[in-house]
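Q: Each chain, letter by letter, is given below.
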Amino acid sequence: MEQAVDKPKLTVSGIHRVREILDWYKGENPGVLTNLARMLNHGTLGGTGRMVILPVDQGFEHGPARSFAPNPAGYDPHYHFQLAVDAGTNAYAAPLGFLEAGAAEFAGQVPLILKLNNSDSLSKGEPCPAVTASVQDALRLGCSAIGFTIYPGSEERNTMVEELAELAAEAKSVGLAVVVWSYPRGSGVSKEGETAVDVVAYAAQIAAQLGAHLIKVKPPGENIEQDAARKVYEKEQIPVKTLADRVRHVVQSAFNGRRIVIFSGGAAKGTDAVLEEIRAIRDGGGFGSIIGRNSFQRSKAEGVKLLRSVMDIYLGK
Amino acid sequence: MEQAVDKPKLTVSGIHRVREILDWYKGENPGVLTNLARMLNHGTLGGTGRMVILPVDQGFEHGPARSFAPNPAGYDPHYHFQLAVDAGTNAYAAPLGFLEAGAAEFAGQVPLILKLNNSDSLSKGEPCPAVTASVQDALRLGCSAIGFTIYPGSEERNTMVEELAELAAEAKSVGLAVVVWSYPRGSGVSKEGETAVDVVAYAAQIAAQLGAHLIKVKPPGENIEQDAARKVYEKEQIPVKTLADRVRHVVQSAFNGRRIVIFSGGAAKGTDAVLEEIRAIRDGGGFGSIIGRNSFQRSKAEGVKLLRSVMDIYLGK
Amino acid sequence: MEQAVDKPKLTVSGIHRVREILDWYKGENPGVLTNLARMLNHGTLGGTGRMVILPVDQGFEHGPARSFAPNPAGYDPHYHFQLAVDAGTNAYAAPLGFLEAGAAEFAGQVPLILKLNNSDSLSKGEPCPAVTASVQDALRLGCSAIGFTIYPGSEERNTMVEELAELAAEAKSVGLAVVVWSYPRGSGVSKEGETAVDVVAYAAQIAAQLGAHLIKVKPPGENIEQDAARKVYEKEQIPVKTLADRVRHVVQSAFNGRRIVIFSGGAAKGTDAVLEEIRAIRDGGGFGSIIGRNSFQRSKAEGVKLLRSVMDIYLGK
Amino acid sequence: MEQAVDKPKLTVSGIHRVREILDWYKGENPGVLTNLARMLNHGTLGGTGRMVILPVDQGFEHGPARSFAPNPAGYDPHYHFQLAVDAGTNAYAAPLGFLEAGAAEFAGQVPLILKLNNSDSLSKGEPCPAVTASVQDALRLGCSAIGFTIYPGSEERNTMVEELAELAAEAKSVGLAVVVWSYPRGSGVSKEGETAVDVVAYAAQIAAQLGAHLIKVKPPGENIEQDAARKVYEKEQIPVKTLADRVRHVVQSAFNGRRIVIFSGGAAKGTDAVLEEIRAIRDGGGFGSIIGRNSFQRSKAEGVKLLRSVMDIYLGK
Amino acid sequence: MEQAVDKPKLTVSGIHRVREILDWYKGENPGVLTNLARMLNHGTLGGTGRMVILPVDQGFEHGPARSFAPNPAGYDPHYHFQLAVDAGTNAYAAPLGFLEAGAAEFAGQVPLILKLNNSDSLSKGEPCPAVTASVQDALRLGCSAIGFTIYPGSEERNTMVEELAELAAEAKSVGLAVVVWSYPRGSGVSKEGETAVDVVAYAAQIAAQLGAHLIKVKPPGENIEQDAARKVYEKEQIPVKTLADRVRHVVQSAFNGRRIVIFSGGAAKGTDAVLEEIRAIRDGGGFGSIIGRNSFQRSKAEGVKLLRSVMDIYLGK
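Chains as they are written, first to last, in the working numbering: chain U, 1 to 317; chain G, 1 to 317; chain R, 1 to 317; chain Z, 1 to 317; chain Y, 1 to 317.
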């Protein structure tokens, strides 16, 4: 039996909400707005202004067995395209090779984000990803956006930031949206500091100031990393007790909600833990989630089910 | 009720004063002169040859909470455009993201300066900002000038200076003015030395020699950092007792007043302290002020009131 | 005695009207919007959404004596800058040489439009202007816009149109506005047909379709040039009896009023004739006028007086 | 016996006059101003604001025998350098080959103008010179200016004008001055019309509008070529009876005297005829002369003598 | 009263001497030769083959008060142009900002050398100037040469040398001369070694080998820095007793006198000490002097007087 795999939302209210969001990006060319709209309008959450994105760069970042052995179907690049289609995510993000291996086969079925830089886990030292693909690659693969990772706190931050500045300007000039993974890391921050609420908020601000359209950060913890910041959080009594509080603060830190901020799911964990986190993100006004390992390290059916449960939360169900 | 939001100064005497200043920049192309004139002619101080500029790069430099929590309206990029418009500042300076988020909405309402490099506070080590935007970005955003920070005294000074040399030449070739933040910092100067009168004067000279049209320095203190300089200050009996004396010396150090030098407001402080400092800057022949935290960390009404009080001082009221 | 030479209109209602117009150009980058705003906000009509522009390319187009002998002060390029300033026009448009000869002296006093192509009257044959300057020239001269003439009806039309397509794209990418003089001429149209209502409306449409932000056409006559068009005008009973009717039709033909259309003044004539035409343009919803010979071929005092009378009409006085 | 070969004029009054002239070119970069000053300050007329230039492109334009047989020493490129040095002309202008053949030998002895386009007399048809050298050639040869010929009235005018627009912009960007030979010619004008007063004035205007710093035209005749122009000359009673009258009108037509206009000597003729013409040019306010055949088609001694007689006239002797 | 401000020397014998010098640079393009000739022909020493150059980079190198407080008129960039003009120096050398601030005003009055790299005294560590301007800047400012400093003996020498290699090649390709300040400094030489005769001679050789046209070194002392060198100086009995001896050796070390070598004046000192040093330089066959602090740290009248006394020595008076 044929079954609809996508329930589009090009309703009047959906068009309205997406226009409202696009208005935050006034001044960008219509190409950029169109590609933002493609992602915002696609999939189960299309038209709601919320987004769930499937990212699969772990093969490069952590190695294949650590990434795909729990669900060996994931070794196959087609698997992730199909997962994104079946679950109705707004977009699918991956490095060059994974996209090249399926973009023709799945052309038009899900918006694509080409991750332009990637790190592997074989090297030590100050973290700094390599630029692994180009804006031109994103165009020839039919992508809607480029993705780029920066590590604020790394001694190599200027390298990443300057690469991003150039690639983002180029991407915008050809109508592509810009998605930034802003993950503090390196000798400037402690291990716990990487997810401290002040640091995550700062990371969101930096990405926004660098011209990101869509910002991905980690769910912030209750701890505060920087002494200079702690004084302000205490004096101004910024609420950071609950995850919803902290998400609200991070979204505010990204231009008072004028930039789309989504949150990563982090390490694989139990379904309940995942969903509880999602509810907090939703309650704090987060725009959505980017869920990799928690979706593709389960069986296909379970992965789809989890993603749909996540979407149901964003749909207010 | 209709209310004038700008009191322009294109009077005959104003045109005269601005032409006099532009004559110091003879040899620059008419595009550069036009953009200098746009800033000099705009706002409450338009046509007086004095300038007050609103800079908001603290979100990037210090983090969002430290910058905006005291007045959370400031998380919103539109807030600062409107503050600049309402207070009638000569220009508004910010990093890429903040300008992209409002330049279309506020097109033509206040001259813009795009800060082309920025540092964050998450990293340690010798200070060196990252280049975060380009001259092409400044053009597509409708800016009148590029802004660039150098840290004389840093081991990384040559990197900054060489980036500035290239960007300034490119900016001038397309008719944009060049604003340099010259802030001594790094292993070459002590913490107190950063605002020593010899060092601030030196910083102004360096910026001028690098081709800056408009130079921003910190208000100089009475201390002298360098032994070789101290001998000269003593022998030549250079007056440095009062802030007005020191401002006069700094302005002299920037080509004998042939370059526009303005002074930063520094950390947020009480209104009286701010205004007293402004009076001294005015009395010493400083061309104006660049006031960030002291304006946007208050309520809108109070921020506008403070900026107007500052302007009143420059207007000789 | 100090005298205001400019009565700016950055009132709340003016900002409102200009924003409304800029919204028609949504999707253009903020640089383009800023330069449109600079012209719309400047001078006596600043903030009203109406425009009067001074164009002086007749020295090139018709020769110096024919252009300037009636008022020999006009041989001097500074004269026209000052005329534009004194009369408070929204902008001044001229070829390269005239702008180079005064842009530094008058920097910041009136928005400039660099005419990028020009014809002389010494040659015969199918009309086709030469490209006489570049977008880079416009930037170094501090212009707000490029100007370009096309002659629909000429056998050489494709040359002009293709040059415009390239130059307009380049201009927009660096934040400059695009003004198109759309003057049907050449073997494709009869002499009277050049100002036929169907032809002028068609010329406005072509300019709009080529991406012009601001369109200059001649006041349309009552005659209809094309047989195929005549049938429709008759069948649909398009009102073309009065000049106001015809102006309304031309404005409608330029994207239903979503593009700024202004009308040329044509050959020098008596004041009453000029002002009567302006009233009709205003009544028909025209956005303004571009008045060359009728302003600079009189004495300075009379030229300013005429331009102010024209502006008074647009101000509804 | 040692003999001064140059009587330079860097007197206080000379510096004054040259600064006055350079002020007309305000907005050009200091390199252009420097090269204009180099020519204005050099030679017998240095510092007077008047100029005599030696041009030798006739070998290319008319062929070698027609050019050099009357004084065979002129076949040798060194001859003309030495003639310019001995006579103390402000500059020497020639095509690529002639300059390459002597620029090293005579380095620093006389400012050079590289003619970037040239025609030969072997071809028929609508006149259009070939571009024979580049701005880069002018730099490597140590020139102060580029020279370029346009033929208004030719069907090929757009080709020339567009080449000039590009080359002039490039020359200015590297600090070279731009000298334009503006010689109406081709199917658009009659043979006598080439020197008609309206046409020569028009040619001067066109060159000025194209951004020429220094304009070379032919001495205008009393005839008027264009009917449309004739009406104006008669109505406005523009004096064109004497050559001085007509020179005055041509200088006025070049931005009211804000551009340097010099006049060619034309075909070789008797000394008295030459000098009478020079007196009229001087009386009409012409800036000087460019004298080729009349100087190099005589013996060296006579050529020098003629050039010095010409300079004496400009010196008011 | 009119007063000659320059006594040029384009006499036959002067042309002869300059041609003789230019012959050493045979193979360079005529542009380079022209610019060398411009400097050799200019000012009081024009045509003698001797040179006195005014360099003012101390504001950047030592700070403004240390440089200009002894004669505060020197804070003004115009002062130094006028000093060079009044004293009749062959050229004036300065960093970008100082030249930009006066090159238009003083266009054509004195040949300019743009210093392309500069150090400040605020930083510690191995010496290495920053590149602060470009060859393109030198062209647009109308300069005759680029200037560049190398520090043989610094660990960073390769950075400087490689920058020079690129910039010198580019400068020569556009006809600019290359002036190299060759100042041994850094961890490779002792403090006294910086002016040891073997080291200064070595510095001159390095600059010559790098393609410098004009070499600036410090007056060499009697000491010898390198053991390997000392053996040779002793064995070959190279005379180094008097300054004249040592200057002769240094000039010999720069291609046996086939490169122009001039000597710096060093720290400010008494007039007699300066002049005595100059006599020794002249007697040793040095080509001239580059005198900064000793000229601009006196009153204008005294500075001019000193420079003229220096020139008198070179003129053999």
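Watch out, some of these pointers could steer you wrong.
Copies of one chain are not kept apart here, so a pair can be met inside one copy or by any two copies together.
What the hints assert, rightly or not - Simulated crosslink set (DSSO-like; lysine-lysine; CA at most 30 angstroms straight-line):
#1 Lys231 with Lys305
#2 Lys26 with Lys269
#3 Lys231 with Lys191
#4 Lys269 with Lys305
#5 Lys235 with Lys269
#6 Lys124 with Lys231
#7 Lys191 with Lys317
Hints in this document: simulated from the structure, not taken from any laboratory.
Q: Hint by hint, note whether the structure agrees.
A: Status of the hints after comparison with the structure:
1. Lys231 with Lys305: Between copies only: 27 angstroms across chains, 43 angstroms inside a chain, cut-off 30 angstroms.
2. Lys26 with Lys269: For Lys26 and Lys269, the Cα distance exceeds 30 angstroms both inside one copy (39 angstroms) and across copies (35 angstroms).
3. Lys231 with Lys191: both (21 angstroms within a copy, 22 angstroms between copies)
4. Lys269 with Lys305: within (15 angstroms within a copy, 53 angstroms between copies)
5. Lys235 with Lys269: Only across copies: Lys235 and Lys269 sit 16 angstroms apart there, 36 angstroms inside one copy, limit 30 angstroms.
6. Lys124 with Lys231: between (34 angstroms within a copy, 20 angstroms between copies)
7. Lys191 with Lys317: For Lys191 and Lys317, neither the intra-copy (36 angstroms) nor the inter-copy (55 angstroms) Cα distance is at most 30 angstroms.
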